[in-house]
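Asks: Sequence:
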Amino acid sequence: MNSHNFSLFSFPRLSIIIKLLVLFQSLHGFSNPEEFYHTCGNTFTCGNTITCIGYPFRGSNDPPCCGHPSLVLTCNDRNDITTIDIMNTMYHVMEINQATCWLEDVMEGTCPKELTLDHSIFDYASSYMNFTFLYGCPSINIPYLSLVSCGSAGYDGVYVLPGTPQGPGNCNASVVVPVLVSGNGGGRPTNSTGWDQVLRQGFQSTWKIDRENCSDCIESTGRCAYSFEKNRTTCFCPNPPFISDTCSITSGASLAKRSVVAVLLTAAYSQPPTATTATYPNCNRTFSCGTIINVTYPFTGGDRPSHCGLPDFVLTRWNNTTTELSDGSLTYRVLQLDQSQKTLILSRSDLYNNTCPSEFHNTTLNSTLFSFDGRRNEVLNLFYGCNSTAMNMMSHNLFSCNSSDFNFTDAYYLTGPVPRDPILRILYCSVGITVPIPRTVGNRLTAPGSQLRLGEALMEGFSVNYSVPYERLCIECGRLGGQCGFDSVLGQPVCICGDTPCPFHLTLPPEGSPNSTETFQGNWEFLMLCL
Numbered sequence: 001m002n003s004h005n006f007s008l009f010s011f012p013r014l015s016i017i018i019k020l021l022v023l024f025q026s027l028h029g030f031s032n033p034e035e036f037y038h039t040c041g042n043t044f045t046c047g048n049t050i051t052c053i054g055y056p057f058r059g060s061n062d063p064p065c066c067g068h069p070s071l072v073l074t075c076n077d078r079n080d081i082t083t084i085d086i087m088n089t090m091y092h093v094m095e096i097n098q099a100t101c102w103l104e105d106v107m108e109g110t111c112p113k114e115l116t117l118d119h120s121i122f123d124y125a126s127s128y129m130n131f132t133f134l135y136g137c138p139s140i141n142i143p144y145l146s147l148v149s150c151g152s153a154g155y156d157g158v159y160v161l162p163g164t165p166q167g168p169g170n171c172n173a174s175v176v177v178p179v180l181v182s183g184n185g186g187g188r189p190t191n192s193t194g195w196d197q198v199l200r201q202g203f204q205s206t207w208k209i210d211r212e213n214c215s216d217c218i219e220s221t222g223r224c225a226y227s228f229e230k231n232r233t234t235c236f237c238p239n240p241p242f243i244s245d246t247c248s249i250t251s252g253a254s255l256a257k258r259s260v261v262a263v264l265l266t267a268a269y270s271q272p273p274t275a276t277t278a279t280y281p282n283c284n285r286t287f288s289c290g291t292i293i294n295v296t297y298p299f300t301g302g303d304r305p306s307h308c309g310l311p312d313f314v315l316t317r318w319n320n321t322t323t324e325l326s327d328g329s330l331t332y333r334v335l336q337l338d339q340s341q342k343t344l345i346l347s348r349s350d351l352y353n354n355t356c357p358s359e360f361h362n363t364t365l366n367s368t369l370f371s372f373d374g375r376r377n378e379v380l381n382l383f384y385g386c387n388s389t390a391m392n393m394m395s396h397n398l399f400s401c402n403s404s405d406f407n408f409t410d411a412y413y414l415t416g417p418v419p420r421d422p423i424l425r426i427l428y429c430s431v432g433i434t435v436p437i438p439r440t441v442g443n444r445l446t447a448p449g450s451q452l453r454l455g456e457a458l459m460e461g462f463s464v465n466y467s468v469p470y471e472r473l474c475i476e477c478g479r480l481g482g483q484c485g486f487d488s489v490l491g492q493p494v495c496i497c498g499d500t501p502c503p504f505h506l507t508l509p510p511e512g513s514p515n516s517t518e519t520f521q522g523n524w525e526f527l528m529l530c531l
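Numbering follows this note's numbering, in which position 428 of the sequence shown is assigned residue number 428; successive positions increment by one, without gaps.
These are computed hints drawn from the structure, not numbers from a lab. Please note that the accuracy of each hint is not assured.
Distance ranges between label pairs, derived from CB positions [unchecked claim]:
{"hint": "1", "residue 1": "316", "residue 2": "176", "range": "31 to 39 Å"}
{"hint": "2", "residue 1": "285", "residue 2": "376", "range": "28 to 36 Å"}
{"hint": "3", "residue 1": "173", "residue 2": "227", "range": "34 to 42 Å"}
{"hint": "4", "residue 1": "230", "residue 2": "374", "range": "22 to 30 Å"}
{"hint": "5", "residue 1": "498", "residue 2": "85", "range": "54 to 62 Å"}
{"hint": "6", "residue 1": "488", "residue 2": "98", "range": "15 to 23 Å"}
{"hint": "7", "residue 1": "320", "residue 2": "480", "range": "29 to 37 Å"}
Glycine is no exception: its CB is placed at the ideal position from the N, C-alpha and C atoms.
Input sequences plus hints: build the corresponding full structure.
Replies: Printed below as a string of structure tokens:
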């Protein structure tokens, strides 16, 4: 076991940290640091539907530090209705699922107000399509659903069209609203009552607050809170240091990366692995399938057991020719994988040489690990169930979707992040999805006289960048003869020597923290102490 003697004089910034802690106390009105932990012990409950909701949400009567400033819930005790203010618009909260990080909101009335989400906090769920409500339009004969007057708004001509055209055009105002799309292609409301029912279904959105940091805090017996000084999640602890990223280091905690105030002067090192330690065999094997060869950490699959990589990087091999990667409800074909550049070229399996999926989902990936390459990709919008019979001539971007599940005779595609095609002015469509494609392919697809078919364009795939968690520690693990793996039961990475955890400690300074120490132990611990 290693031991270290620390001197307070070796930490020249200790006095600054203490002053900051004192300032933090005074700002929040607490007389001593122990009150931090106890003040955020309540959960939010309103009626029988919204119950026991914790961080990142807080109640309107709770201290500001107990939740994210954009996730404040208010309960109307008279009718047990929960509301949330999102960018100065009030919504009724119908449901909150903290396990999957989504909430369901609802608007009232047939004529919706402007709906805007802070996309640094929220994202829409995938099964939604944008519709635009146009208010105060001239009385002209166009094949759209005409709605009743919006009462006090004073608008008589209200029309609805799919997508997000630029501005209201000849109308007085426009509002974009996400509408839930059913799996069978959806149905078009035929009157204002129908649209009112659709809007009252609400919409689901996911939040992107750092969930992992809060999980680590809870596992270490802390309570999650929000640091206005750092603009991120922090942890209130029942014992010193009281404010940290995690509290006491416990064997069951998920210790991916820890930033602990420097007054935490000691850390308990676990004993070396014993004969009863779990084994992790065969991590020297690589994944190979067709043109995808010699793939290692963080990927698993094929001959590589699950403990040899991370749960989000599982590859599936089909007939030794096709490699697939699943993320949420979608599965992707892996056309190329470059571990030196950390890039992938993926193609949706449900749209591979096929323009008619069995379910309609936007293309999404875990944003904490994967990112679309905006320089090389552009957005392709696919719309289904369109009333192209209203057109005087056939558009070049129309296609058919005929399968055992659907019979969409008329569908069409548009390239670019915002549909601007004139076809939107005369079409109504039942459902739409978005798919990235290479910019070069998009240019070929839309070029006059192009012979490139839509199905062929979708087979080209799109570029994705990925990040590798624990990468620096895994490099050090490999330098010392180990192999990086992951114990899903403990939720922690492991440095493997042979078939067991390595018997040594790995220490290196984190980036930007020269006075810090990051420790990767052979028995699955990561630890970071930094000023």
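Asks: Hints first: check each against the structure and report whether it holds.
Replies: Status of each hint after checking the structure:
Our hint of 31 to 39 Å for residue 316 and residue 176 holds, since their Cβ atoms are close to 38 Å apart. Range check, residue 285 to residue 376: Cβ separation about 32 Å, and the 28 to 36 Å hint holds. Distance hint for residue 173 and residue 227: a CB-CB separation of about 40 Å, consistent with the stated range 34 to 42 Å. Evaluation of the 22 to 30 Å hint for residue 230 and residue 374 yields a pass: the beta carbon distance comes to about 28 Å.
With their beta carbons about 56 Å apart, residue 498 and residue 85 fall inside the hinted range of 54 to 62 Å. The beta-carbon spacing between residue 488 and residue 98, approximately 21 Å, falls within the hinted interval of 15 to 23 Å. Judged by the Cβ atoms, the range 29 to 37 Å given for residue 320 and residue 480 holds: they are separated by roughly 35 Å.
The earlier numbered hints are all upheld by this structure, with none contradicted.
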